[in-house]
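Peer 1: Following the hints, complete the assembly by docking chain X onto the known chain H.
Residue numbers (this note's numbering), protein chains in the order written: chain H, 1 to 205; chain X, 1 to 205.
Bear in mind the hints are in silico, worked out from the structure with no lab data behind them.
All figures in this text were calculated on a predicted structure; none of them were measured in a lab.
Check each hint, because a few of them may be wrong.
As the list claims (entries may be wrong) - Result set (DSSO-like, lysine-lysine): computed pairs, CA atoms no more than 27 Å apart in a straight line:
#1 X/Lys53 with X/Lys90
#2 H/Lys36 with H/Lys53
#3 X/Lys24 with H/Lys53
#4 H/Lys90 with X/Lys24
#5 H/Lys23 with X/Lys56
#6 X/Lys167 with H/Lys36
#7 H/Lys90 with H/Lys159
#8 X/Lys56 with X/Lys36
#9 X/Lys90 with X/Lys160
#10 X/Lys53 with H/Lys50
#11 X/Lys2 with H/Lys2
#12 H/Lys160 with H/Lys90
#13 X/Lys24 with H/Lys36
#14 X/Lys53 with H/Lys24
#15 X/Lys23 with H/Lys36
#16 H/Lys50 with X/Lys2
#17 H/Lys50 with H/Lys36
#18 X/Lys53 with H/Lys53
#19 H/Lys56 with H/Lys24
#20 H/Lys56 with X/Lys36
#21 H/Lys2 with H/Lys23
#22 H/Lys167 with H/Lys90
#23 X/Lys24 with H/Lys24
#24 X/Lys2 with X/Lys90
#25 X/Lys24 with X/Lys36
#26 X/Lys23 with H/Lys90
#27 H/Lys50 with H/Lys90
#28 X/Lys50 with X/Lys23
#29 X/Lys160 with H/Lys2
#30 X/Lys90 with X/Lys56
#31 H/Lys53 with H/Lys90
#32 H/Lys36 with H/Lys24
#33 X/Lys2 with X/Lys24
#34 H/Lys24 with X/Lys90
#35 H/Lys90 with X/Lys36
#36 X/Lys23 with H/Lys56
#37 H/Lys56 with X/Lys24
Stated by the list, open to error - A few chain X residues facing chain H, derived, Cβ under 8 Å:
#38 Val38
#39 Gln43
#40 Leu69
Backbone N, C-alpha and C fix where the C-beta goes; we use that ideal spot for every residue, glycine too.
2 protein chains.
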Amino acid sequence: MKFPSQLVEDAVDAFASLPGIGKKSALRLVLHLLQKDVAYTEQIGNSIIKLRKEIKFCEECHNISDERLCNVCADPHRESNTICVVENFKDVLAIESTNHFRGKYHVLEGVISPIDGIGPEQLNIESLVERVQRDQIEEVVMALNPTMDGDTTIYYISKKLKDTPTKITTIARGVAFGGELEYVDEVTLARSLASRLPFDQYFGK
Amino acid sequence: MKFPSQLVEDAVDAFASLPGIGKKSALRLVLHLLQKDVAYTEQIGNSIIKLRKEIKFCEECHNISDERLCNVCADPHRESNTICVVENFKDVLAIESTNHFRGKYHVLEGVISPIDGIGPEQLNIESLVERVQRDQIEEVVMALNPTMDGDTTIYYISKKLKDTPTKITTIARGVAFGGELEYVDEVTLARSLASRLPFDQYFGK
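Here chain H stands alone, though its shape is the one from the complex (with noise of 0.2 Å):
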């Protein structure tokens, strides 16, 4: 399709770069836009620009953050002798939405791969054993998502960390609630099986 302005195609290509943007959604936002007024669209620039440009990350646990400390690791409520290690700050929010974790946090951002070329070296697992070992961490619970890669860094975590006295746990890898058995992989439904629960631990006694 050939656009008659430049401005309209290098904004259309802007929007299209982004992952589950298409060239035809990418022409309906500016469309949209070009209804708006200029301070609307000054909005939506400056903060995309503001949030590369100035976003800050944790000295601690490399959360994204607008200060020196994210807000988790500045809160002295909570327990700071269990940190949940985690691959991106999305999942930080996803656990911190449970509301079920009152330890602190270390984002690794991203995991071994060596498919995409991603070492240990690339990632924050070397501030994370300097933080168990100067912090007396009792205990790691690796929160990574469930895949080959995934199962690797926290192998490699838990050989970095073999040598301190800490405990190193993985979240549960079961059925999802509501998910039905028959539509359920094989290694999920026998990693379920063989971490079965006793009847009274299953309802968090």
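Peer 2: What follows is chain X alone, placed relative to chain H:
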């Protein structure tokens, strides 16, 4: 969901204010941007700001343009005695992509809609009437969407032009190519029957 950063919250709100993007998709886009470098996000932000700020509208046909005249109006090879009236610049793109129209355009920037409070004075109808009279246009092709509002607008414009010798036509309403009769609504089917064509015209002669 509570975000750990005001910058993230602003960016999520900005994306979520666009049509067809919810809070979850907005968050996914923000995470994507956080993983990109600053130059890329600045380019996206600036193209959105520039789009609305620097866009011009063609003085002749109100199509979007980078110059005083759009590339259709500025093209001396286009037939200047036929004007195709469309609702917005997306319709210009759609008709241009057929390569079957060699005349010029007139973009109304909307249709008459009593429900949305849009009257004829908010649309580019006055400038259309002036153009038709000044340039002694032979044919005005109405290519508006086949809705109640579109038909109202066609009727209004045809009344405004009734004292000129200009021929007013509308694009054919009918069963779409590849469509199935049993799924076509009755209004379309009735109009399609009423405007039936002789066999030799059907294949475009």
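Peer 1: Keeping to a limit of 27 Å between CA atoms, is the pair of lysine 23 of chain X and lysine 36 of chain H held or broken?
Peer 2: holds (20 Å)
Peer 1: Assess, step by step, whether the Cα of lysine 53 of chain X is no farther than 27 Å from the Cα of lysine 24 of chain H, and give holds or violated.
Peer 2: holds (22 Å)
Peer 1: Is lysine 160 of chain X within 27 Å of lysine 2 of chain H, Cα to Cα?
Peer 2: violated (33 Å)
Peer 1: Verify the proposed pairing of lysine 90 of chain H with lysine 36 of chain X, using a straight-line Cα cut of 27 Å.
Peer 2: Answer holds: lysine 90 of chain H to lysine 36 of chain X is near 16 Å, not above 27 Å.
Peer 1: Given the hinted pair lysine 50 of chain H and lysine 2 of chain X, is their alpha-carbon gap at most 27 Å?
Peer 2: holds (19 Å)
Peer 1: Sort out whether lysine 90 of chain X lies within 27 Å of lysine 2 of chain X, counting only the CA atoms.
Peer 2: Judged against 27 Å, a Cα distance of about 38 Å means the pair is violated.
Peer 1: For the hint on leucine 69 of chain X, just tell me whether its beta-carbon gets within less than 8 Å of chain H.
Peer 2: Nearest chain H Cβ about 11 Å off; hint violated.
Peer 1: Hinted pair, alpha-carbon criterion (27 Å max): lysine 53 of chain X, lysine 50 of chain H. Please report holds or violated.
Peer 2: Holds, at roughly 19 Å.
Peer 1: With the threshold set at 27 Å, check whether the alpha-carbon distance from lysine 90 of chain X to lysine 160 of chain X stays at or below it.
Peer 2: With Cα atoms ~25 Å apart, lysine 90 of chain X and lysine 160 of chain X stay inside 27 Å; holds.
Peer 1: Has the given pair, lysine 2 of chain X with lysine 24 of chain X, been kept, meaning a C-alpha gap of at most 27 Å?
Peer 2: holds (13 Å)
Peer 1: With a cut-off of 27 Å on the C-alpha distance, tell me whether lysine 24 of chain X and lysine 36 of chain X pass.
Peer 2: This hinted pair holds, its Cα atoms lying about 19 Å apart.
Peer 1: Take a quick look at whether lysine 56 of chain H and lysine 24 of chain H sit within 27 Å of each other, Cα to Cα.
Peer 2: violated (34 Å)
Violated hints, in rising order: 6, 8, 11, 19, 24, 29 and 40; the structure is consistent with all others.
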